[in-house]
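*Asks:* Input sequences plus hints: build the corresponding full structure.
First to last, the protein sequences are chains E and D. Following the working numbering, the numbering of the first sequence begins with 1 at its first residue and continues without gaps. Following the working numbering, the numbering of the second sequence begins with 1 at its first residue and continues without gaps.
It should be emphasised that the hints constitute simulated quantities derived from the structure, not laboratory data. Just to be clear, a hint being listed does not mean it is correct.
Simulated crosslink set (BS3-like; lysine-lysine; CA at most 27 angstroms straight-line) [stated by the list, open to error]:
| no. | chain 1 | residue 1 | chain 2 | residue 2 |
| --- | --- | --- | --- | --- |
| 1 | D | K414 | D | K425 |
| 2 | E | K104 | D | K320 |
| 3 | E | K77 | E | K132 |
| 4 | D | K252 | D | K368 |
| 5 | D | K402 | E | K104 |
| 6 | E | K132 | D | K320 |
| 7 | D | K425 | D | K368 |
| 8 | D | K402 | D | K412 |
| 9 | D | K148 | D | K368 |
Derived Cβ-Cβ restraints for the label pairs, each shown as a range [as the list claims (entries may be wrong)]:
| no. | chain 1 | residue 1 | chain 2 | residue 2 | range |
| --- | --- | --- | --- | --- | --- |
| 10 | E | Q234 | D | D278 | 24 to 34 angstroms |
| 11 | E | W205 | D | D278 | 12 to 22 angstroms |
| 12 | D | D278 | E | N110 | 27 to 37 angstroms |
| 13 | D | S164 | E | Q234 | 25 to 35 angstroms |
Some chain D residues near chain E, calculated using beta-carbon distances under 8 angstroms [as the list claims (entries may be wrong)]:
| no. | residue |
| --- | --- |
| 14 | G200 |
| 15 | M206 |
| 16 | L208 |
| 17 | G210 |
| 18 | N321 |
| 19 | E323 |
| 20 | F324 |
| 21 | E326 |
Backbone N, C-alpha and C define an ideal beta-carbon position, used for all residues, glycine too.
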Amino acid sequence: MFTQTPNNDYQFRHRHILTVADLSADDVSFILGTAQSFKEISSRPIKKVPTLRGKTIINLFFEPSTRTRLSFELAGKRMSGDTFNISASSSSTVKGETLVDTVKNLNAMNPDVIIIRHSRSGTPLLASRHTKAAVINAGDGCHEHPSQALLDLMTVQEKKGTIAGLKVAIIGDIGHSRVAHSNILGFNKMGADVHVSGPATFMPWGVESLGATVCYTIEEAVKDADVIIALRIQKERQFDSLIPSWREYAHFFGINEKTLTLAKPDVIIMHPGPINRGIELDSDLADGHRSVILDQVTNGVAVRMALLYLVMGGEG
Amino acid sequence: MGNSERILLRNGRIIDPLNGLDQKGDLLIDNGKIEAINFQGYLETPENCQQIDLNGKWLTAGLIDMHVHLREPGEEYKETIESGTWAAAAGGFTSVCCMPNTRPVNDSEAVTSLILDKARNCPARVYPVGAISKNSLGESLAPFGEMKEAGVVAFSDDGHPVGSSLLMRRALEYGANYDALIISHAEESSLSANGAMNEGPLSTGMGLRGIPSVAESIMVYRDIALAEYLNRPIHLAHISTREAIDLIRRAKDRGVRVTAETAPHYFSLTEEAVAEYDTNAKMNPPLRNIRDREAVRAALRDGTLDAIASDHAPHSSLEKNLEFEEAANGIIGLETAVPLTLNLVRADILTPLRMVELMSLNPSRILKVGSGGRLEAGGVADLTVIDPDLEFTYQQSMMVSKSRNSPFLGWKMKGKAVMTIMDGKIRFSEPESTLN
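*Replies:* Here it is in structure tokens:
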């Protein structure tokens with residue numbers, strides 16, 4: 001299945017994983033191949049390999065997260081790394097210590113990997129300038145969420161056998177979604193045809209330049225789609241004059257059985273979670289046979305194991 | 001460096017946009033005044049006179065930067081009136097206008113007097129700009145009369161756009177009683193709120209909230225409309241967009257009393273400068289795209305823009321070594337304005353005469369301060385000597401400002417102010433280290 005391996009002189013050269021934008025198609029294929037080979041570890045009775053023994057991995061999360069943080073933590077632990085979680089306030093002024101100082105202090109304790117989630121775009125890049133550790137971006141502002149895009153790509157490749165040539169529809173708040181941003185770049189890079197739809201107030205300026213076709217109706221976006229990715233609608237958006245109400249959003253952009261009749265019969269439905277059932281995605285669909293939402297979660301651990309392994313130089 | 005009463009500057013290329021002169025000559029300074037200028041031959045050397053051969057370097061009326069932030073009172077760790085005026089002198093400026101967003105805000109005679117007190121023995125003249133509204137909150141007018149008497153030269157809520165059109169109307173009206181020029185920071189805040197850079201494909205790619213160009217042009221249009229309706233003058237600060245320039249051009253064509261400035265970064269850089277989340281290129285208005293940059297250049301050439309002002313905005317690493325969205329807006333600019341503007345001269349966008357008009361004559365006319373650009377016997381000896389060919393790399397070690405927040409660090413520059421004379425005294429002359 002994973003036959004798109006890069007040519008022989010390919011080498012993974014990234015010290016940090018900050019963005020999908022930085023990755024080549026060869027890098028993505030290589031990461032997905034590596035993740036696939038690690039996936040089996042999580043289904044063993046003894047879910048542990050010694051690959052990252054003696055390596056220190058810090059989860060530095062400035063935003064609340066359950067799934068992503070646990071996924072990274074499990075990935076580290078299943079490879080015998082020592083993982084630590086730090087939850088910090090996202091505002092440096094409230095905290096009384098700047099981000100740069102926090103990172104410098106962590107660096108002084110010689111960690112091998114720092115995984116950062118932060119509400120401000122570009123923060124992982126800033127952090128990477130102040131530590132010798134490898135930095136992995138676990139989501140920065142409205143910028144990127146590379147590990148999520150990679151696990152989505154892995155899931156599509158598993159289910160469809162390929163990514164190139166597929167029509168992928170991403171529905172929702174594209175502008176505020178780092179998941180959408182990384183996915184547009186990632187799917188585009190791997191040869192898929194990416195369409196986005198949602199209220200026009202949710203479309204960032206010049207989103208076409210990222211490699212997406214904008215559709216003003218959801219019907220246009222999902223027509224003949226192989227993959228539909230629904231995004232979580234943030235509650236507060238209706239107060240930013242971006243949408244009048246959840247109700248209107250659900251009526252015009254919620255994904256339901258009727259929408260799906262336009263897509264390919266074997267369409268798969270994805271969602272980065274957590275789901276607002278009945279808003280962006282019909283509740284039955286989320287649990288139905290076309291939903292691969294829980295496969296995404298499973299693959300998330302494998303992708304993060306691969307990333308930890310690769311930024312550590314691929315040695316074990 | 002010398003401080004003798006008499007200085008004879010020989011062999012200068014005297015650039016005088018007021019009289020349209022650009023020719024070789026000598027200039028004698030005596031007791032703070034220009035004693036004589038001779039374009040034809042050779043001024044006789046009086047006794048006890050320091051002679052300086054300019055070897056064809058440019059000699060101009062002292063440059064005036066009509067838009068700087070000196071941070072005193074209140075944020076002396078970023079800049080003081082003293083350090084800021086040394087930076088001005090090092091950049092070739094004999095006069096600066098300091099914006100009122102200090103702590104406290106300059107909205108009173110007391111703060112104005114404090115600033116002028118501190119400026120008394122400084123190497124550049126300081127012309128304070130008073131606030132339009134009390135505490136620059138945009139609610140009620142500050143006491144224009146009291147501040148004007150104390151010495152402010154104009155009024156602006158720079159940094160805090162006047163959101164209320166009624167208040168802007170009142171400021172323009174009330175200003176008539178005191179011959180008070182209003183300087184507008186034109187920004188429609190509801191459109192720019194939480195923005196960190198110019199809105200466009202790059203802001204989308206970087207995941208940053210954008211500040212659209214229309215946030216500037218909408219407010220520029222409002223300000224022009226009010227000035228036209230009331231037949232009052234208005235000056236528009238730090239213009240950055242093509243759309244605003246089009247509006248200003250059309251307003252000038254129909255006789256509206258509008259003047260406008262831009263800053264060197266808007267004709268030198270584009271939004272690409274922030275692509276690596278470089279907070280030293282973060283400012284408001286933000287760096288725009290290449291079409292805006294070209295429009296700014298064209299407008300400097302054709303007269304739509306009247307002045308180049310640095311918007312010198314010192315910040316320390318406390319405000320800049322942060323997440324991009326958390327970092328403060330603004331860059332220092334006093335020491336790079338001349339070299340960056342000389343780039344436009346070399347690109348044949350500006351003539352040397354036009355450059356001096358933009359940096360000395362026009363600011364002097366708009367603000368009604370200084371010599372009015374006059375270079376003639378009896379005039380105040382505020383003078384700048386520019387070596388247009390001096391090549392140097394802009395480095396931390398040569399920065400005179402207290403702050404270091406410049407996107408031009410490491411740039412190779414060509415041309416520099418090499419001597420600044422204010423009130424007949426040499427306040428700055430280029431150290432040998434740069435000359436070598």
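*Asks:* Evaluate each hint against the coordinates.
*Replies:* Right, here's what the structure says about each hint:
{"no.": "1", "hint": "D:K414 <-> D:K425", "verdict": "26 angstroms, holds"}
{"no.": "2", "hint": "E:K104 <-> D:K320", "verdict": "16 angstroms, holds"}
{"no.": "3", "hint": "E:K77 <-> E:K132", "verdict": "22 angstroms, holds"}
{"no.": "4", "hint": "D:K252 <-> D:K368", "verdict": "20 angstroms, holds"}
{"no.": "5", "hint": "D:K402 <-> E:K104", "verdict": "25 angstroms, holds"}
{"no.": "6", "hint": "E:K132 <-> D:K320", "verdict": "22 angstroms, holds"}
{"no.": "7", "hint": "D:K425 <-> D:K368", "verdict": "23 angstroms, holds"}
{"no.": "8", "hint": "D:K402 <-> D:K412", "verdict": "21 angstroms, holds"}
{"no.": "9", "hint": "D:K148 <-> D:K368", "verdict": "13 angstroms, holds"}
{"no.": "10", "hint": "E:Q234 <-> D:D278: 24 to 34 angstroms", "verdict": "29 angstroms, holds"}
{"no.": "11", "hint": "E:W205 <-> D:D278: 12 to 22 angstroms", "verdict": "21 angstroms, holds"}
{"no.": "12", "hint": "D:D278 <-> E:N110: 27 to 37 angstroms", "verdict": "28 angstroms, holds"}
{"no.": "13", "hint": "D:S164 <-> E:Q234: 25 to 35 angstroms", "verdict": "32 angstroms, holds"}
{"no.": "14", "hint": "G200", "verdict": "6 angstroms, holds"}
{"no.": "15", "hint": "M206", "verdict": "6 angstroms, holds"}
{"no.": "16", "hint": "L208", "verdict": "5 angstroms, holds"}
{"no.": "17", "hint": "G210", "verdict": "6 angstroms, holds"}
{"no.": "18", "hint": "N321", "verdict": "5 angstroms, holds"}
{"no.": "19", "hint": "E323", "verdict": "4 angstroms, holds"}
{"no.": "20", "hint": "F324", "verdict": "5 angstroms, holds"}
{"no.": "21", "hint": "E326", "verdict": "6 angstroms, holds"}
In this structure, every one of the numbered hints holds.
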